[in-house]
Structures are given as C-alpha cells and as structure tokens.
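J.: Note that the protein sequences, when read in sequence, are chains P and G.
Position one of the first sequence corresponds to residue 1 (the working numbering), numbered consecutively onward.
Position one of the second sequence corresponds to residue 185 (the working numbering), numbered consecutively onward.
To be clear, the hints were calculated from the coordinates, so they are not data collected in a lab.
Wrong hints could be hidden among the right ones.
Unchecked claim - Mimicking DSS-like on lysine-lysine, the simulated pairs with C-alpha atoms at most 30 Å apart in a straight line are:
#1 G:Lys-380 x P:Lys-165
#2 G:Lys-380 x P:Lys-142
#3 P:Lys-142 x P:Lys-126
#4 G:Lys-380 x P:Lys-158
#5 P:Lys-181 x P:Lys-158
#6 P:Lys-126 x P:Lys-158
Each chain is listed here by its residues.
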Amino acid sequence: MLSADEAADLIEAIASRQDRAAFATLFRHFAPRVKAFIIRGGTDAETAQEVAQESLVMVWRKAASFDRLRASAVTWIYTIARNKRIDLLRRSARPIDTEDWLVVYAPEGEDADKSVLAGQTYTRVKELLGGLSEDQLVVIRKAFFEDKTHTVIAAELKLPLGTVKSRIRLALGRLREALEKDES
Amino acid sequence: MSRHPAPEELLLDYAAGALPDGPALAVALHAALDPASRRALDRLNAVGGALIEGEAGAALDEAALESVLARLDRVAVEPRAKAPVRRPGFEWAPPPLVPHLRPGMGWRRILGKFDEIRLDVPGDAYRVSLLRLEPGRGLPEHKHTGYEYTVCLQGGYTDATGSYSVGDFAVGPGAERHEPIADPGEPCIALIVVEKPIVLTGPWGRLLNPLVRRGLL
C-alpha cells in the first residue's frame, strides 16, 4: 500500500529531480487501479490500459503543478485520468489543452487551509461513501464509472429526472455536512 | 457565494467527466468564480479519488512500465503551471476561458441590439457564445427545446427567474420564453451555451429563424 503522504512525496520527487524510481513506484500502485476503474465503465482492457499509461505519463509531465495542499495524490490522479478518458474515448480532437485549471491553479486569496480535502481526506470520503444509501450509491457510481450524465442515468434506471436529482443532492449534502464538520 | 449556484447534479456530471465540452466550459467558469461550487467540485473529485483507491487493480502487461519508462526520456517534466495571462480587453475572463480566446477575436454586433463572440468549442450539439449587453438592453425573445446554460461574467442581468450577477449560473430547462435585460452599471457579459436548435419568437422571428438555423445569427 501507498499512503497519501508517500504518494505526495513521490510526485514531488518527480517534480524536483525527475526521479524515475519514484515514478515506477507510483506507476505500479496507480496504473492498475486506473485501468480497473476505466474497465468498470465498459471500456475494453486494451483501451483502459492506454488510458492508465497515458494518465501516468501526464503525472510525470505535470508533477510540478501538483500541490498537496489542494488535493490528495489520488484525487489529483483521478482528475488526470478523467481528462485522459475524455480525450481518448471521445476521440474529440480538442484544440485546447485540457489542463484542469480548477485543480492546478488556486485562485488568488484562496485560503489554503480551507481548500479542503488535502492529504488523507480521500480515506474519509471512502468511509462516507460507505454510509450512503444503496439508491444514492448506484447513481454516484454510475456517474463516475460509466461517465454518464444524471439525465442519461435517469433514463437507464427508468427513474424520473427529479428522483435522480434528489438522490444526488442528498448524497452530496451528506458529504458536505460531514466534511465541513471535520474541518471545524 | 453566489445567489445562483450551479445545481449539484451538474457539478457531479462535470466531476465525473460526463458533460459535453460546451456545458463543461460553463461549469468551469462558474466554479472559477464561485468558491462554494469549487469546494463542491473538490469534494466530488475526492470521491473519484476514493473510487480509484478502492480498486483492487487490473494487471498490466509486464512490458507496460518498461515501455512507459523508455518514453520518459523524451517527455519533459514541465514547470509549475501558471494562471494564463489575461488578454487586453478580456480582463473579465476567468482562467478557464482564456485558452478559448483567439488572437483577433472581437465583438460582433447582432441585430443592432447586442454583441456576440462565437466560441469554437468541439461538438455541434451546443452553440457557445459570449454575449455583451448594454445596461437596459435585452436579448431578442427566444425559446429553445433543449437546455441553456448561462454564466454571468461581468455586470448583471434580470429575467423572469431572478437577478444574476458575476459568477451566477442559470440553467434553462427549455420551452419557456424569457427575455433577460442587462442591469444598470457596466455592460453585462455572459457565457451562453445553448442546445440547438434555437428559435426566435418575437415579431421578427419568422423572418430571422432561417438565418439562425444557418448559424448566421
């Protein structure tokens, strides 16, 4: 296993000295997980592996933009994998660099302590996900794994749009309350 | 915190990577201007992280790491990303909009009523534009069968659903008619992402709709 702090240290080692051993450790931990995550959405193993490899190459390229006060390593890697999945699966020749400014660039004056969810918080989120109802989890998992909008999810589950919206709002409300209580 | 945040289901769509590029740009601009929505996206990204961390992992080919390591010789570790440089005349543009602003882009006067810059965003299901309205001026009355996403970037506007200022987000569910009017003060600038087709409903609509369909208006 790789703790959040260890993973952050490894990314910083890439940034400061192009540390290939650090990259190899990150790759062995995260590439199989990213691949499994992508396969869950129905993507074939070969394409999922391509997404995983390209995501880890992006971790190398963008290592200097990682900020452990903004996001945990795995959260940052998730955003990279999400964007790679969009690039590779939609094959949209997007003319614009798909850098996620909201993740790499903290707006001026943003209080770093308040920028939530740094460090080990993903373990807390994992815990909180376990506390959601099955109805709520189904929607959240479909969104993340299958890359579907709430409108598409409602159609697939044969549920009214309003029902899906209220499940999402309840689930996210619980996450927000729990995490804000942790912070204060 | 804005009075009109983006609905949470749309933030989930964005965080999951499910939104088409046009609506995704609207959510990104809103989040750039609205700390509460940005924090909501941070939480949602952490959900994505937790789901990845929870995976047992699917084995990769033995050669996968070797081939990636071999490539790294040709891949530079890039310097820390900086916020994009603001363009003169576009000081109001939040960072996620800047890469869309091409050199030489300028406002185009439409129907003598408002100014528009049409943005080139991949995917043809949405029309993505920046609109600029002088105070007190409105948009032609129109309706649309699909969704419309609006993010206010400068000034403010008011329509039947309320008043919107910088950072506010509006989702039009569709069919109803509405006519936004720019508030007093500096000109109102907004990003508008409209699912096609768009139909004008005012007295000139019948005459102008063929032009709308051809993308000329």
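J.: If a hint holds in the structure, say so; if it does not, say that too.
T.: Comparing the hints with the structure gives:
no., hint, in the structure
1, G:Lys-380 x P:Lys-165, "holds, 24 Å"
2, G:Lys-380 x P:Lys-142, "holds, 27 Å"
3, P:Lys-142 x P:Lys-126, "holds, 16 Å"
4, G:Lys-380 x P:Lys-158, "holds, 25 Å"
5, P:Lys-181 x P:Lys-158, "violated, 35 Å"
6, P:Lys-126 x P:Lys-158, "holds, 28 Å"
This entry does not satisfy hint 5, going by the numbered hints stated previously; all others are met.
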